[in-house]
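Participant: Quick mapping for you: the protein sequence lines, in order, are chains E and C. Its first residue numbered 1, the first sequence is counted upward by one per residue in this note's numbering. Its first residue numbered 1, the second sequence is counted upward by one per residue in this note's numbering.
Treat the hints as calculated values from the structure; they're not laboratory data. Where is the CB? At the ideal position from N, CA and C, for every residue including glycine. Worth double-checking, as some hints may not be accurate.
Label pairs and their calculated CB-CB ranges [as the list claims (entries may be wrong)]:
hint	chain 1	residue 1	chain 2	residue 2	range
1	E	G189	C	R95	46 to 52 angstroms
2	C	V251	E	E399	58 to 64 angstroms
3	C	L85	E	N555	54 to 60 angstroms
Covered by chain E, according to a simulated footprint, are these stretches of chain C (three or more residues, beta-carbon under 8 angstroms) [what the hints assert, rightly or not]:
hint	segment
4	70-82
5	182-192
Okay, here's what each chain looks like letter by letter:
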Amino acid sequence: MRKALLVALACTTLAGCGSGIGPRASEAQQGDGENTIKLAEFPDRPYWGDTHLHTDISVDAFGFGVRLGPEDALKFARGEKVVATTGLDAQLDRPLDFLVISDHSDAMGATRRLYDAPRLLVGDPTLRRWHDMMHESPEQSQRAVAELITAAANNQIPEALRDPVQQAKATRDLWTNHVALLDRYNEPGKFTAFAGFEWSLMPDGNNLHRVVMFRDGSAKTGQVVPFPGLDMKVEQLWDYMEAYEKNTGGHVLAIPHNSNLSNGLMFEMTAPGGVPMTAEFAKRRAGHEPVVEATQIKGDSETHPLLSPNDEFAGFGVAGWELGNLPLTRKSTPDMLPGSYVRSALLRGLTLEQQLGVNPYAFGLIGSTDSHTALSTGDEANFFGKHTGVEPRPGRAMEPQNLGTREGRYGWHYLAGGYAAAWARGNTRAEIFDAFKRRETYATTGPRMVLRLFAGFDFTASDWDGDWVRTGYTRGVPMGGDLIDTGKAPVFLISALKDPDGANLDRMQVVKGWIDANGEAQEKIYDVAWSDMDGKRARVAGKIPAVGDTVDRANASYTNTIGAAQLRATWTDPDYRSGQRAFYYVRLIEIPTPRWVLFDAKRFGLKLPEEVIEASVAQERAYSSPVWLRPAAKAGTGKT
Amino acid sequence: MIRGWLREPLVHFLLAGAAIYVLIGWFGNPYGPTDRTIVIDAGRKAEIAAGFERMMGRAPTDSELDGLVKRWLREEVLYREGLRLGLDADDPVVRRRLATKMDELAAASAETAGVSDATLENWLETHPERFVDGGTVSLDQAWYASEETARAALASGRVVGNPISLPRSVEAMPRAEMREVFGLQFAEELAKLAPAPDWQGPIPSGFGWHLVRLRARDVGSVPPLAEIRQQVEADWRSETIVERRERAYRVLRDAYSVRQP
Chain E
1 MRKALLVALA CTTLAGCGSG IGPRASEAQQ GDGENTIKLA EFPDRPYWGD THLHTDISVD
61 AFGFGVRLGP EDALKFARGE KVVATTGLDA QLDRPLDFLV ISDHSDAMGA TRRLYDAPRL
121 LVGDPTLRRW HDMMHESPEQ SQRAVAELIT AAANNQIPEA LRDPVQQAKA TRDLWTNHVA
181 LLDRYNEPGK FTAFAGFEWS LMPDGNNLHR VVMFRDGSAK TGQVVPFPGL DMKVEQLWDY
241 MEAYEKNTGG HVLAIPHNSN LSNGLMFEMT APGGVPMTAE FAKRRAGHEP VVEATQIKGD
301 SETHPLLSPN DEFAGFGVAG WELGNLPLTR KSTPDMLPGS YVRSALLRGL TLEQQLGVNP
361 YAFGLIGSTD SHTALSTGDE ANFFGKHTGV EPRPGRAMEP QNLGTREGRY GWHYLAGGYA
421 AAWARGNTRA EIFDAFKRRE TYATTGPRMV LRLFAGFDFT ASDWDGDWVR TGYTRGVPMG
481 GDLIDTGKAP VFLISALKDP DGANLDRMQV VKGWIDANGE AQEKIYDVAW SDMDGKRARV
541 AGKIPAVGDT VDRANASYTN TIGAAQLRAT WTDPDYRSGQ RAFYYVRLIE IPTPRWVLFD
601 AKRFGLKLPE EVIEASVAQE RAYSSPVWLR PAAKAGTGKT
Chain C
1 MIRGWLREPL VHFLLAGAAI YVLIGWFGNP YGPTDRTIVI DAGRKAEIAA GFERMMGRAP
61 TDSELDGLVK RWLREEVLYR EGLRLGLDAD DPVVRRRLAT KMDELAAASA ETAGVSDATL
121 ENWLETHPER FVDGGTVSLD QAWYASEETA RAALASGRVV GNPISLPRSV EAMPRAEMRE
181 VFGLQFAEEL AKLAPAPDWQ GPIPSGFGWH LVRLRARDVG SVPPLAEIRQ QVEADWRSET
241 IVERRERAYR VLRDAYSVRQ P
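One chain only, chain E, in its complex shape (with noise of 0.2 angstroms):
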């Protein structure tokens, strides 16, 4: 008997024991979600996700003090009502439309199992202090993390944690419980559940993590295993994706994020270590990773107030982050920043596009969270922190971050986190997963406010009178498109709805990038359309007089008096000169609204310097992905 309890006991100390069992998910839910639901002609709505999500089988998250699993994230993000690690009820105002989870490959599940695991069987003295760390208090647990973060960053890991080998069969059991629960949660047209992980390359703490995400159900990603990504080189992992296509005749995408502190490594103009970069890696990049996390609660990377000094919104979500890497074991320095933000790779990608024939950087965008609560949350009124030791309480704000702890990063530097949103014909995985990869996709930093763009050449204002949006996909291309230039100006039909539970619109802006007469990359912020623009706010020496500012401070509010609820242009360039390669995007500007700081301020009483107040007013923002626009064959220089 007493071996029976021991037994039982022992059993609810391991994972796979007992989980994983359940209701079978129906052989829709088991597949892509090809032919299961009615799809509408063309992409009719913004589907809202998170690609971006860490749970307890995340190393760092579960020591961080994490508790909840895939399971509590899946039904967060469908709407339902969890209990947060910390004891507070977590509901999202609107549920999401899918949710990638995506916890780290390397040493996955491990932090739990050292935690479960008994202590006579861990050998490693480093793995022990931890294991004894992460039972002593929620405080010796997030350090004992830190450490593991640092020593990541250093290539310290103690051999027992990331042996691939044992990683591996580790990894299989939790894997296969794992897709087995996206299968039953992913029910096609009303919730999306894609199987993912993070890789997080990280050459001395420098950030070059990737989300990989799948298409297809279990039958297709129970046959591999996440990739570990410490020590590895990006080829790899494109070699692991590569033989996943090849093996399963499934589709697999990776999404760069937090290029921001990859101290100008995630997009440099060679191959990694200095190398010229060959036609052959560019066309691998742009071919594995269509998409960029240009905005996540560890900052944002669209551009730098150095890199484009003539931006007046330039530098939104980059205090703090800019000081370094990700553990901030080393310093920024300027000639790093170009590497570092996505409208300079864009320009990167022009420049490379030109030398080889092809363009590595080529990417549409998306937002996310990156959150390591299990939990989505990326509004401002509702943060639910970075991790399990952030989670609303009243300390958070003005405390140092665990990561460069005392170096300059504290808690008010984090963003609450974006979305991804992606045109699709209806919500399934196949549908979500090709809009990523054909690029139809925005980025926001929380709101959810509809975009929508089509560029071709001969659109006119009464184009808007008809159904628009089929004339846009038959005489157009739409956000992530290609134009091939045939000598005339591209023009572009633009419609951007406020979020309708939100703030109101300040402008809408067209960022064109591109590649002069000279060879030298050049950028330029287009106001296309903003409120009030005929009245109140018309221009005054070619600028546009500020939108105002309604923020009540000590309450956290404001008032949609100022703005606009819509915004619309028919925009022509009038900077196109014949065979130059450029690229447009959309940045959608809200009004200033409170950030969760202040919701902070107000819900626990707190006072905050000055400067922090300042800094908690923002206009949160859309960027949609990219249309390029390339020269005629002939007109091009490369090999193409």
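On the provided structure of chain E, position chain C as indicated by the hints.
Facilitator: Chain C alone, transformed into the frame defined by chain E:
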């Protein structure tokens, strides 16, 4: 009746507890402060080896097993001496670990138990609000930037609206989607209108003002179990786990009297 009782996890839980109690009474507490015999039999060694294999993914070599057994013995000796000295009493880690294990023991059977249709039917009947589909609406709408222009349009009988990138007409749109597209305020205001063939309103939304022709509204219903069995089962299971933990706790808790002077 008896069969039902036998399947009841709470009964398993209590029986297991009673059995331990009896065994301890019979043989003395195996870890009791007075017991100075440690038996390392084949079963114990197999357990240690299995633990190693779970962590490392392979069986231990003979010398590794030897080392593990020595380490186990060392820990066992110190563990018993620790108990003898009462060191477990005020250790928060030990406390939390044991409490967690008791909780998981109570929940384990609910995680794996099969469940009958009758149980789920009953669950569905007693918790209909969790499974009701939200219903649909069919409507036409015309948007106006201001309330006055909307009212004037309604009075004139010519309802055209200002241009906006919102659907002019929707057919049997799920209400959850309607709320997503038109926003919360619109959804709440729409709920106050009754379906009618004529234009009504204006009602406010996050975008401005709308005249609405609410052609049809289906308030939604609870689908039959066959259609949503999986969802009902998942809900029943997660709820039951929590409930069994709580019930198991109450039984134990009731045996204590707690005073807070």
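Participant: Hints first: check each against the structure and report whether it holds.
Facilitator: Here is what the structure says about each hint:
no. : hint                                : result
1   : G189/E x R95/C: 46 to 52 angstroms  : holds, 48 angstroms
2   : V251/C x E399/E: 58 to 64 angstroms : violated, 42 angstroms
3   : L85/C x N555/E: 54 to 60 angstroms  : holds, 57 angstroms
4   : 70-82                               : holds (count 3)
5   : 182-192                             : holds (count 5)
Checked against the numbered hints given earlier, this structure breaks only hint 2.
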